[in-house]
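Protein sequences appear in the order of chains Y and P. Using my numbering, you'd call the opening residue of the first sequence number 6 and step up by one each time. Using my numbering, you'd call the opening residue of the second sequence number 6 and step up by one each time.
Hints are not guaranteed to be accurate.
It does not matter which identical chain is used: a pair holds within one copy or between any two.
Here are the simulated SDA-like pairs of lysine to any residue, each with C-alpha atoms no more than 20 Å apart in a straight line [as the list claims (entries may be wrong)]: (1) 153 to 514; (2) 268 to 218; (3) 153 to 515; (4) 378 to 83; (5) 153 to 488; (6) 377 to 250; (7) 268 to 123.
Everything labelled a hint here was simulated from the structure, so no lab data went into it.
2 protein chains.
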Amino acid sequence: MTSPLTIQMHEADNVAIVANDGGLPEGTVLPSGLVLRDHVPQGHKVALVDLPADTAVLRYHVPIGYALQDIPAGSWVHERLLRMPPARELEGLPMATVPAPAREPLTGYTFQGYRNADGSVGTRNILAITQTVQCVAGVVEFAVERIKRELLPKYPHVDDVVGLAHTYGCGVAIDAPDAVIPIRTVRNISLNPNFGGEVMVVSLGCEKLQPERLMPPGVIPIADRRDAGAADAQGDPLDVVCLQDTQHVGFMSMIDSVMTQAKVHLERLNSRRRETVPASELVVGVQCGGSDAFSGVTANPAVGFCADLLVRAGATVMFSENTEVRDGIAQLTARASSPEVAEAMVREMAWYDAYLQRGRVDRSANTTPGNKKGGLSNIVEKAMGSIVKSGSSAISGVLSPGDKLARHQRGLIYAATPASDFICGTLQLAAGMNLHVFTTGRGTPYGLAECPVIKVATRSDLARRWHDLMDINAGQIADGEKSIEEMGWEMFRMMLDVASGRKTWAERHQLANALVLFNPAPVT
Amino acid sequence: MTSPLTIQMHEADNVAIVANDGGLPEGTVLPSGLVLRDHVPQGHKVALVDLPADTAVLRYHVPIGYALQDIPAGSWVHERLLRMPPARELEGLPMATVPAPAREPLTGYTFQGYRNADGSVGTRNILAITQTVQCVAGVVEFAVERIKRELLPKYPHVDDVVGLAHTYGCGVAIDAPDAVIPIRTVRNISLNPNFGGEVMVVSLGCEKLQPERLMPPGVIPIADRRDAGAADAQGDPLDVVCLQDTQHVGFMSMIDSVMTQAKVHLERLNSRRRETVPASELVVGVQCGGSDAFSGVTANPAVGFCADLLVRAGATVMFSENTEVRDGIAQLTARASSPEVAEAMVREMAWYDAYLQRGRVDRSANTTPGNKKGGLSNIVEKAMGSIVKSGSSAISGVLSPGDKLARHQRGLIYAATPASDFICGTLQLAAGMNLHVFTTGRGTPYGLAECPVIKVATRSDLARRWHDLMDINAGQIADGEKSIEEMGWEMFRMMLDVASGRKTWAERHQLANALVLFNPAPVT
Ligand SMILES: [Ca+2]
Ligand SMILES: [Ca+2]
Ligand SMILES: [Ca+2]
Ligand SMILES: [Ca+2]
Ligand SMILES: [Ca+2]
């Protein structure tokens, strides 16, 4: 048997987690001499000292709960022994109090990307077909299959054709105050750098989300020459295939229209070539899902280290997941680059608190059975392990759900999103993400058709079993084979490779999940 | 030019709608001698008499609005000239006051269906793959494609293989009070009669919606021999492929597991044959979408007549769409078969009023730009045209969103759902629908993979242009070629044909929309 291995995140912590595969049996003697009083499963916590009732249980140097009873040293500290701390009030927070860490810029790192007319850079060269409404999704799916089969082979420099299907667009309260979120999300996804500025829209005709409401004049950078004054004959019309147009006679005429328009865009996309661009053109969205106690020990700290490298290289890194940062709000407002950024963080948290309250739940609704099984006692512990993905840079900006980054926005950005994997990924796509990093402890076959997803395993066991789904194994940190820094650098180099065209496992299998919109407004 | 044709729904109405293609020009003399003062577009209303300001504008013998100014006879009565009536209070309604119409039972009508072990009857013989969470959707999609290519040709009596993908299952507030709706919806869809009682589930492992929570012991009729007492070795386990199971090594092992389990069910489904069953085994969901003013004049009245035939034949007919019945609530509570049924209607309306109010909108958020363009001034007029789909039978039961019909429930049922086409269709599938009838005026390529959808055009122009998307042309009523009764009978006979295996247009093109869950609870 391998020797007992426990990981303590901070020297002041009074618990550590068990790293060994299969956990450690009762009676195990740790290197410190401590004897386990219970079997402690892998990823779960052991009390390093006696914890009298009401003691704060510290991990990441933060109280993740209070002992509900006396817990002797060597005991398994599971969620049923802990009382969860209340959520931090949103008043009186430290605002932009931590000075930005002084760090050497990282220069000379580049990747091979597709430079767009608006200056942004794609990591893939994809034809995306924007849809105003779910009504057209079946028709677009049919057309996309034919385009892939009949047209795509003739355009070898185009990576893929993707229908941006979603469930929004009609049967929704489109004038409700919160409807702005799903609408701008669909709009901004169609402007994602991986689609080369080639916007084509398929519309039904009678839907609430009319093409001109989805894509008002002026939103398509450079390519959009439509005039705000509309009737102007010089303006290019928005490229819309409207199924209800009277010119369409029979189903195949609709398919023909979509294919004819697709060809125009495929021609232009096919003429593009990758070119050398600085690493500062990366827009990386980081996320975790299917988390376990190792997420916050191996994969997420390595992502955090890599996030710092990216920021030093002048790139953009977005972290997200409202319910997983809520319990660390004081750390984050302190790290904001200005009081305005800190206030924007607070505004997003307050909005989400109110949203959850309307549905009669709170942030603790985040945790899953798998989290608990994996050793995460509650949302506070999960949050601390999630936030480390953000590294240690100053937070330089905040995006509301569905908002798009401005061209000048660089550095570490908080993109406010639910923690739901698909909703978070969808909103990061809308923000302009051209590369996605996703850490998982329990394992998920998550993928997106719109953007490459680098999947990071938190444990070697998962990386071994899911050898053709996990792109990188941060479990090597727990195994003592690599340091967090080494793993962070490995990720950074892999990001440059994948951004340059190297396929991820999900891409190789063409595994992709649905776009899932965040619609806090009612359906009708 | 064809002679001017207008349609008045009730002799007391003070407006009629123009039926002619392209509308009627200013100066047209109607057969009554009335001269049009404006061009009136097709489907739009003309004032039959002078309407002084504040006059109630009557259609279907119901005030659909009040004149905002004096409107002379012969004018085009569009939505900008009308003030919408407020919503009817939910107190003091007539409860079960209208006696059930006495009607001859219809006997001797049958179709060829698949009889299930629980007594229900499928109109198709489909293998459905239930999913606990969106995380597995990409893997299931990959597996379904392989099953269709490699296995399905060996099982000629199985119609199709369908992955029941949805966006629920994790990243949601699963213990929120309203979360019961999406959960029971996914559960009940998997029990739809078209799936033959063969339930197979693909689960990730760590998701919130665990397989045993989705499908607790006892929910699978007959086939489910699991015991509420659980640990009992005699019980058949729920058939679950769990991707995180340690037995899975590599992506292809997951695909193999899904295919291996699929074979077991395909074998059993393939041994089934259609048999003659009475028309009373039909469970028809009726819906309208992309509506225009003809919806309430041609297609919906014919559906209503057909609904009465179905009820006379002992079948089940569900109508739905909360925001489209809200303004007719007094008619509907009056038609309830008992005060309890009327109270259930009121309960659903009150719940939905509150739901919309939480999102700061009301039932008027229902109407679309296409509705208005098609001549529907507001939700009151739209509602009156929508409700006629229910025919004139007594309302014998009410289902909450996602609920499943009891085996004994027959007759006309109000299945409370949003009006959103996909959400309504999804909830009717959960209720146990084995045949769907969908009327459309503006035109939509709507389809479902789980159940045949008969699409009814409200206008001949649409039926001509969309000749391979519309299954039946109710526009013949406006053309004076068929009566509502004749069209209703034609629909009834087509339903028996389609239920017996005749393919609809959407099935021939394999056009299908997404399942869209109704989740009024927060995401996390
Ligand atoms: Ca997470
Ligand atoms: Ca997540
Ligand atoms: Ca048993
Ligand atoms: Ca409708
Ligand atoms: Ca509808």
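Hints and how they fare:
1. For a Cα distance limit of 20 Å, the shortest separation of residue 153 from residue 514 qualifies both inside one copy, at 16 Å, and across copies, at 17 Å.
2. Taking CA atoms no more than 20 Å apart as the test, residue 268 paired with residue 218 passes in neither setting, with 25 Å inside one copy and 47 Å between copies.
3. When the C-alpha separation of residue 153 and residue 515 is checked against a cutoff of 20 Å, the pair qualifies both within a copy, at 13 Å, and between copies, at 17 Å.
4. Taking the shortest alpha-carbon separations for residue 378 and residue 83, only the intra-copy value of 10 Å comes in at or below 20 Å, while the best inter-copy value is 61 Å.
5. In this assembly of identical chains, residue 153 and residue 488 lie within 20 Å of each other by CA distance neither inside one copy nor across copies; the values are 43 Å within and 46 Å between.
6. For a Cα distance limit of 20 Å, the shortest separation of residue 377 from residue 250 across copies, 17 Å, qualifies, whereas the shortest one inside one copy, 53 Å, does not.
7. When the C-alpha separation of residue 268 and residue 123 is checked against a cutoff of 20 Å, the pair qualifies neither within a copy, at 22 Å, nor between copies, at 52 Å.
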